[in-house]
Amino acid sequence: MSRRKTERLLNLVICLLATRRPLSAEQIRQAVPGYDRDGDEAFQRMFERDKNELREIGIPIDVVRDPWEDEPGYRIERQSYELPEITLEADEAAVLGLAAQVWQRASLAEAASGALLKLRAGGVATDETIGAGALELRLDTRDPAFPALWDAVRDRRLVRFDYRSAGSESVRSRTVEPWGVVSRRGRWYLAGFDRGRDAPRAFRLSRITGQVATVGRPGSVEVPPGVDLRAMVGFPEEPVEGRTAVIRVREGACEGLRQLSTAVRAGSDGWDEVELGFTDPERLAGWMASLGADVEVVEPPDAREAVIRRLKGALA
Amino acid sequence: MSGSADRLPRLLALVPYLMSHPGAQLGEVAGVFGLSEKQLIDDLQLVWMCGLPGHTPGDLIDVSWDGGEILIDNADTIARPLRLGIDEASALLVALRMLAAMPELAEVPGDALPRVVAKLERAAGEGAAAVSSQVAVDVDATPDALLRVREGLTRRRRLSLRYYVPGRDEVTPREVDPMRLVVVDGRTYLECWCYRAEAMRLFRLDRMLGVEVLEVAADPPAEAEPIDVAKGVFRPSPTDELVELEVTAAGRWVAEYYPCEEVTELGEGRLRVALRARDEDWLLKLALRLGDTGRVLSPPAMAERVREEAERALSRYAHRT
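From first to last, the protein sequence lines stand for chains W and A.
According to my numbering, the first sequence is numbered sequentially starting from 1.
According to my numbering, the second sequence is numbered sequentially starting from 1.
So here's chain A without its partners, still in its complex pose (with noise of 0.2 Å):
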């Protein structure tokens, strides 16, 4: 919030958090803004320069900040902030029917979730309660997988784990040290240390098909840093192999479905797409599945590998049919 269009609005919203917290520190109060430190003097000043029509001493906003304690007075016709907005107050309200969506994963406690609503409506203009119940969260029935998951969680036991990855067919098994819950887009994932991939990994409750609480304490290792989900749950490693697939109009799914580096149209609704593959299986598997809907261009050496495993499934099938 530190755009010169949104200046009043924080101003608006800095008088009043001055008035509620007197001899508020300036870098605390930064903090809360978003600002540094000479911003917010700057937008102290400003403050200063305003006030009652007549606009004499008396008239004006009184503002100090001596020894980095702010103090302000004379501000009583701005002293609450802005109702909210149908935007901000949506957006709250949106979050919180997705919490109450998921009481299991939640465990909010009583009934917070349905007074802070109530509060929130009333502190909105109108209309903020009918656009937010215009926006639906759908969330994955709980998966079987959470009871034991959060068990490790709250007792800090390492997991035994046996997980599938379909775009490999494979089930491994895998020891964890749980670390945190982390639900993207109604997805519930684990976030933990695997000690099979000696690396910080999400796993996806729904594709666990056994969880073990194993009498061993969770040890994380210290460089068990949690894993920044605002860049995406997926992330193909950039050392991955860069590859490039053409696909038909009924291929386009493999664009919304893998994270790509580049997407081009060909028109007729075909695509050119290029994206990172953990390793030739995984884009073996791939272009067998897309049949007749897709083709790998690079590298120029795995069309033929394509085609002689399509031969080699073929020829089970042409043996009895």
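With the rest of the complex left out, here is chain W (with noise of 0.2 Å):
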């Protein structure tokens, strides 16, 4: 933005929260320094293209419709535009510095620096201490998928994104209805409503390829009232009554597996015998072909041939 631009929307600002009454874009033609230069047309077009910059960067202007005159009039209500006075108690501050520090990429980072800098341009002390102090939070957002997925999550508009389910060889296009975006174990989620399955469903963001596309009207997109966005991207219930494997383990070997397992018998064989719990056997055949030659497990029969299959895999 030229410097000449700015100011003149500086002076154009200022010039409609001055007014009592709303000018007409003519008056504010004479008013601002800036535009007099321009014919009408030129003229004109510069207008909206200001009046929207302004909004943009979120400035109320209203548009005031006197049935008398011809032409609208425009002007910024303090009341609207304006921050409310706030104080902090020192202990909010403190709240308050540790919550501004926790984005840490994506625009999110800027918009909370932006809050804190209106805050303290208001008069508001921030403490920003904290972070230097014994606790750091921290919230990452590298999908490239984020800003426009919160964006939409914001203006409740339909998205529109090629997805790769967990496994599968091929992207298929998905349509939903965005609820919202959700923070897991590290990873980021979007819950929303499938329109091609026809239900709710949650995606990784790591998993979205190219780009996401917004279709439809902001404000189209409704989230139904007490959803629970964390239970829907929560894995399934782990059953309150896992499953046990009976696993051979070299002596001395697999220290960690040792320490995680139910109970541990010596053997006299060089081999000790191990009793872990487990849900999944694929899950826990992966663990177990880590280990290589350390381990074998004995029971039960699917965990025990998901383990050959592995290392048959590895084999080929």
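One or more of the hints may lead you astray.
Here are the simulated distance ranges between beta carbons [said to hold, decoys possible]:
no.: 1; chain 1: A; residue 1: Glu261; chain 2: W; residue 2: Thr87; range: 47 to 53 Å
no.: 2; chain 1: W; residue 1: Gly219; chain 2: A; residue 2: Lys38; range: 43 to 49 Å
no.: 3; chain 1: W; residue 1: Ala42; chain 2: A; residue 2: Gly68; range: 40 to 46 Å
no.: 4; chain 1: A; residue 1: Arg155; chain 2: W; residue 2: Arg142; range: 32 to 38 Å
Selected chain A positions facing chain W (Cβ under 10 Å, derived; list incomplete) [to be verified]:
no.: 5; residue: Ala13
no.: 6; residue: Val47
no.: 7; residue: Glu88
no.: 8; residue: Ala136
no.: 9; residue: Asp140
no.: 10; residue: Tyr195
no.: 11; residue: Glu212
no.: 12; residue: Leu214
no.: 13; residue: Val216
no.: 14; residue: Pro226
no.: 15; residue: Asp240
no.: 16; residue: Leu242
no.: 17; residue: Gly267
no.: 18; residue: Arg272
By construction, these hints were calculated from the structure, which means they are not laboratory data.
The model shown is predicted, which means the values in this text are computed figures rather than measured ones.
Backbone N, C-alpha and C define an ideal beta-carbon position, used for all residues, glycine too.
Quick one: dock chain against chain with the hints and give me the complex.
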């Protein structure tokens, strides 16, 4: 933005805030330096663009239509423009300081620091020294799809993107009503209603390929009241009654496995026997295969078979 | 916030800041706004050219910075900052909600959190509260280790840990001097000086199998500098060997789980990934785990080691089925 334009916009903001009565475009043209030089059409275009730019940075411009006037009038209502008076207690300032540094990347880090700057400009004492202390909190959003999805969630717009399901060989286009985004165990998910499947679904952001396109008008998505976003991305509750595997472990090996097992019986042939709780035989098999010739899954048979399958796969 | 597109929002915050901090120093204000003093003076000069319609000297904003002390006058129209935007308020509200989800960690005094949330929601335009409730951050259940780790931090005592490393299936004993807690993406880490590694380390609290508070004062060496978690929590050493794997669609989790230096799509969901391996044992374990969903391309000798180990393991299964 050129210096001249910044000057013109600042003067426009001051002019629209100062006026008690709405001003017509022509009155604004006379009052704000920078508009006066241009012809009618050029002025109209410029004024339209300027209004849009002010709205983009969050300045509420009222358009007042008086039935007795041909032209609409413009002004900025002080009450909807100004940050209300806020005072923070010392403990509140500390909490806010901690919150302001949470976002690590993407547009939200900028939004958070922008908010803090406005609060400080409004005379609020914020405390940013907390992060240097005993606790640091961070949220990361490296997924390229995050900013577009955040915008869609905010504006309640339908989104379309290409998605690869876990382990799938192909990428499919999904059309989703976004209900919210969730961070869980270091990963971000989109929770929403999948139009194609006609059911609520969660999508991992890292599996979205390419651009996220917004379709439809803002405000067209309705989030069902009381929807539990966390539950939507949670893994199915692990069964209370887990299964137990019996595993032979080479003496002196696999310290971690021994620590996590429920029982260890020392053997006499250089091999000990441990019992380990598990739920998913494939997950267990991945872990056991990684331990190579130091373990042998004795039972149950499906877990034993799964390990053998993995090891044969590694042979090929 | 020094780009020219951000200039107008900055000016609309700068003027109120100067109004509420009369006599502020150039250097201090430049620091708050992330500007050089030269850029700040340029901003002040611009502000000085603006004012009420009419633009006679009496209408213009009056700014001076004699002796580095900034005084502003005649700027009552924009004396208050602009209301918080939806993104601005939501970013803070989401973070505050996350803090609320971990009371044991954040140790926020009393009811400060709900008070701040209420004040912010009032300061924001409509809709910010709604957006922030559409963002959820799941925080790990409080790990058992937290109590002792906290004790070590507050009493400044050395800790003795038994730490589980799944990639190696190892439990290692470590003595550490705790420095602070770091919560990244919902996971809690202890940042500490580790005497075993003789370096700063981040240890996940949920992987601590045992924590003991030693009656030894924590005394980290002078070179113990905080880790910059902005660059990520997992940072393989650049001296670790760069290895290459090819994985099928079912093995793509490797690229999501480990930081990769290069990821190439090979079609049908297959990937070639280059990553830093701590050592060959780690890579061997990963290859065995992957089974037929991945294979090691480089180092080439590794493929043979994987085959040998798989054969040895299978021979145990062959002797009694």
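Exercise for the section: Please write out, lowest number first, the hints stated earlier that are contradicted by the structure. Expected result: Hints 10, 11, 12, 13, 15, 16, 18 are the ones this structure does not satisfy, whereas the remaining hints hold.
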